[in-house]
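Engineer: So the protein lines, in turn, are chains B and V.
Taken in order, the first sequence gives residues 17 to 606; the numbers are from the working numbering.
Taken in order, the second sequence gives residues 17 to 606; the numbers are from the working numbering.
No lab work stands behind these hints, which were simulated from the structure alone.
Only a predicted model underlies this, so the values are computations on that prediction, with no experimental measurement involved.
Worth double-checking, as some hints may not be accurate.
[Unchecked claim] Output of the computed footprint for chain V on chain B, the stretches with three or more beta carbons under 8 Å from beta carbons of chain V:
1. 114 to 123
2. 150 to 163
3. 171 to 184
4. 211 to 218
5. 226 to 240
6. 563 to 574
[To be verified] In silico negatives: residues of chain V with every beta carbon more than 10 Å from chain B:
7. Val65
8. Asp107
9. His272
10. Lys363
11. Gly401
Think of the CB as a built atom: it goes at the ideal place given N, C-alpha and C, for glycine as much as any other residue.
There are 2 protein chains.
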Amino acid sequence: MYRTHTCGELRMADVGKDVTLSGWVQISRDMGGLTFVDLRDRYGITQLVFDMEANAALCETARKLGREFVVTASGKVNERSSKNPNRDTGDIEIIVDALEVLNAAKTPPFTIEEDTDGGDDIRMQYRYLDLRRGPLQKNIIFRSKLAIETRKYLDENGFIEVETPCLIKSTPEGARDFVVPSRMNPGQFYALPQSPQTFKQILMVAGYDKYFQIVKCFRDEDLRADRQPEFTQIDCEMAFVTRDQVLATFEGLTKHVFKTLKNIELADFPKMEYDEAMQRYGSDKPDVRFDMEFVEMNAFAQGKGFSVFDNSELVVGICAKGIADKYSNKDMKLLTEWMQRPQIGAKGLVYVKFMEDGSIKSTVGKFFDDETLRSWASHFGAEKGDVIFALSGEVDKTRKQLNELRLEMGTRLGLRDNTVFAPLWVINFPLLEWDEESERFHAMHHPFTAPKKVDEQKMLSGDHETLKNLKADAYDLVINGVEIGGGSIRIHDRELQSKNFDLLGFTKEEAEAQFGFLLGAFEYGAPPHGGIAFGFDRLCAVLNGVNSIRDFIAFPKNNQGRDMMIDAPSPVDNEQLDELNLALNLKENV
Amino acid sequence: MYRTHTCGELRMADVGKDVTLSGWVQISRDMGGLTFVDLRDRYGITQLVFDMEANAALCETARKLGREFVVTASGKVNERSSKNPNRDTGDIEIIVDALEVLNAAKTPPFTIEEDTDGGDDIRMQYRYLDLRRGPLQKNIIFRSKLAIETRKYLDENGFIEVETPCLIKSTPEGARDFVVPSRMNPGQFYALPQSPQTFKQILMVAGYDKYFQIVKCFRDEDLRADRQPEFTQIDCEMAFVTRDQVLATFEGLTKHVFKTLKNIELADFPKMEYDEAMQRYGSDKPDVRFDMEFVEMNAFAQGKGFSVFDNSELVVGICAKGIADKYSNKDMKLLTEWMQRPQIGAKGLVYVKFMEDGSIKSTVGKFFDDETLRSWASHFGAEKGDVIFALSGEVDKTRKQLNELRLEMGTRLGLRDNTVFAPLWVINFPLLEWDEESERFHAMHHPFTAPKKVDEQKMLSGDHETLKNLKADAYDLVINGVEIGGGSIRIHDRELQSKNFDLLGFTKEEAEAQFGFLLGAFEYGAPPHGGIAFGFDRLCAVLNGVNSIRDFIAFPKNNQGRDMMIDAPSPVDNEQLDELNLALNLKENV
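Only chain B is shown next, with the shape it has when bound in the complex (with noise of 0.2 Å):
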């Protein structure tokens, strides 16, 4: 028996019991007489006394405990003279009169704190040292009950789980997959599903309704700060659903993980068409914890003359409220070249300063005099003090651009709120995108998305500048600025299936090759359905105001896809490769 109780478990109430603990030595103090070690688990701290006068050697063996030494105790558990209110077993200790040291420890190579001092790639090294820290061991406790609140909700709500598998077939539509050589069939691959999305489709046309399923899922995509090659979805399907029921259903489930975890109750979800989030805000993805709209300009500040304004689609800018004698001419420069560099490509930044002695202050003094610029001031509500910030060219860039300057004068001024949850829906995202380059359509959500059942007619016969208007009935969920998840009522009728195959450049041959199975799924009575998927990981982040998914990952890949702890990926035997038919045909260094 290695212990009777954790080290998060005694109290007042036990003073007297004789315990047993077990755990890890945090810190050993030798105070002369007496010595005092900090024995941690998983479930808190409890402090272990020793006593030089009543059992020297026990003392002597106590006073060499290194930190991380495994240990287990055993004595009686006394109140303490001087109690420690921060520590829920603060008011007791153990009087040892038995220890046994079960494991030594090498000192760490980095501090086991709340804050430590190792570098990412140590920790990451060390992984299992790493996440012995409170942090962490925090987060990963958490995901573990945000599945565990997941699968009670949805299984409340009639939805079963349903392995899909892992080892599927490769498309080249969409990211890179990762593929699997198939020994048995020589020359044959599989793939690591992107998402289960055809076998969720597939179990609607087999009937079961209500599907769910928290799934491991693969991409081979180049990685950025906050990708990882294998991720988690919370992927979900629904047959006779229409849109409100779906989206009535998963908003249930976020209130639900909200108030469960996080005893926040979140009001009702507003609904934003897709064309009105990027007009107010130039993103799919508005962060609706502030408002800083955007202001469309062209009506009144084209044709007098400034020929940058005159010359673009869109003038368009916002107004952040009380930073106009803050921000001095330099700050302006900073943050025009800011807005300048290759990520957001502006080509300047006008602003109209309105100072708080009632004067203005403009990169567009010469065109503009004072009495217009504070017309522009009655549009954007703005008031002494704030600063008009407008750009201006292509529609779709020039929002993107003003987007990226909203965010982070939103950070700037404080309004993105860690512990504010504003959610909304997203919805009648665009059902196709015109690639200018591939001179082809791509789906915006993905192939097997309906249109909205008024386009439908249009999507079978439109012209080119009517696909490119049509909507789809998709929906994404953003929660402070970050897209959750999302999905679309899918197509469930073969002709229309076939048609947006064709729509995105597939040959019949190709379709039948890569989807045959769901074409033909959908000529045995396959029913009206629709489904969403929800990233796991970012939901733990956001559910917790962080950006980084990485540290609720328990053994997380680093940007280059590799797992520094056991340091994957590594070379194989040749043999394997050649029982595999495969041969290395690796290139010369570029």
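With the hints as your guide, set chain V onto chain B.
Structural biologist: Below, chain V alone, put in the same frame as chain B:
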């Protein structure tokens, strides 16, 4: 709105309500003035009624509905004149006043009934149709419930579910890995996990204490009838525990799922030593639903001049009750031939029939007189009408062969009742197996299993014979002759783990390259720990008293590892291979 109710929901209390149902047409019967349609979804079947007099056009539409059409029907709930007591909704019907065909269906290639006329291949190809059948639906829903109850129990017992990675490192130990080429790390490969073994041990080192995961695992093995390349485990690990604490926890889990899913209260599970199981049943997974235990005959059957017995390491038999007069000489000949098949490999089969009339018929009458044979009966508890079967040879082989015969006779005698469940723990497995061919030890369980505490010193310094007799702190849960899962107390000491790698034939460099991270982790405070893994697919099957796991998996692969529905694996583009720095290296047909 596609439905107000499901097809399994309406009762007498709903009579008079206006309802809308959606589902699949199970069958349509034209009775002249009335047309009856059975509408099916996963919740049940409801009868729709169309009246030619009331609405001829609607009735005509209904008459044209084919099997598996998807429709929405609205109407009033009516009490049936002829009730169907075999159906939950059998008291009512819907008098339909509106019908919409949501999707037509071609005639399915096999009937979608409890029993189908479809062969295996066609059912695999059209899995979405096979999955509509009641028995499969029951299985898939059962699986979902089993996962829920498993998680509920483990959560209530303080376990945390932690996701371990799918893209890990290939190790040549054990079964063959599936590998995944890394594009970002040319010439290097990930492996898919055969189990999360090292990660769960790392989690113990990281202090997570009670871990579980319901997790996909992968093995690239030549597939036997009941193996799948991807399968699911209930994987667990605990720190600061003794073997009996692990067993108690998972005995509790097993009892919990039997109780909640089958309403069966299991008694406490007996524990049996591995050596005892081999001696009494010739198997480390004995089916203890029936006795027919082994009786070792060396003491009384050797030294009587029958050289086959005399020259054997072991003579051992079983007694089959009540078949002496039923089994003709021909039956005995067929049984002997069955035992001589290469799969079993017995040289012959000795039997002694104790006939109802008191006579004895035996294959060894030349060597043993009736009196001697009657004395055998007392060893076996054999009575008139019973048969003693005996085998002889090397201990291990002979036991294995007799185990096959025992199971076969158990089946023939109806002693293996699928509604009876007889679980037991088999404990204290050997630590190492000596492989004559490769002249090295193999780990009986896996390289991380600890020897029994009393055997630790022997392991560090013992000679070859001592090593062969080491016992491991390893255990299996067996139910009805099926291994549900197994586990062990692990090594948590670097020196002992290194010694084990040594004994298993790893060089220091190999051990470091493959498992250096684990050896390293053991140096930073590794607690004593142990765990277990249950085969989830197998547990589904055993709980339902069936042998095959395939129909508890929504999308299984066939014996060639193919998904026949999606037709995977499949070739990939050369471009894709090129990006992965690979080339095909196909052999000529041999």
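Engineer: For every hint, state whether the structure bears it out.
Structural biologist: Status of each hint after checking the structure:
no. : hint       : result
1   : 114 to 123 : holds (count 5)
2   : 150 to 163 : holds (count 6)
3   : 171 to 184 : holds (count 10)
4   : 211 to 218 : holds (count 3)
5   : 226 to 240 : holds (count 5)
6   : 563 to 574 : holds (count 4)
7   : Val65      : holds, 21 Å
8   : Asp107     : holds, 23 Å
9   : His272     : holds, 16 Å
10  : Lys363     : holds, 35 Å
11  : Gly401     : holds, 50 Å
Comparing the model with each earlier hint shows no violations; every hint is respected.
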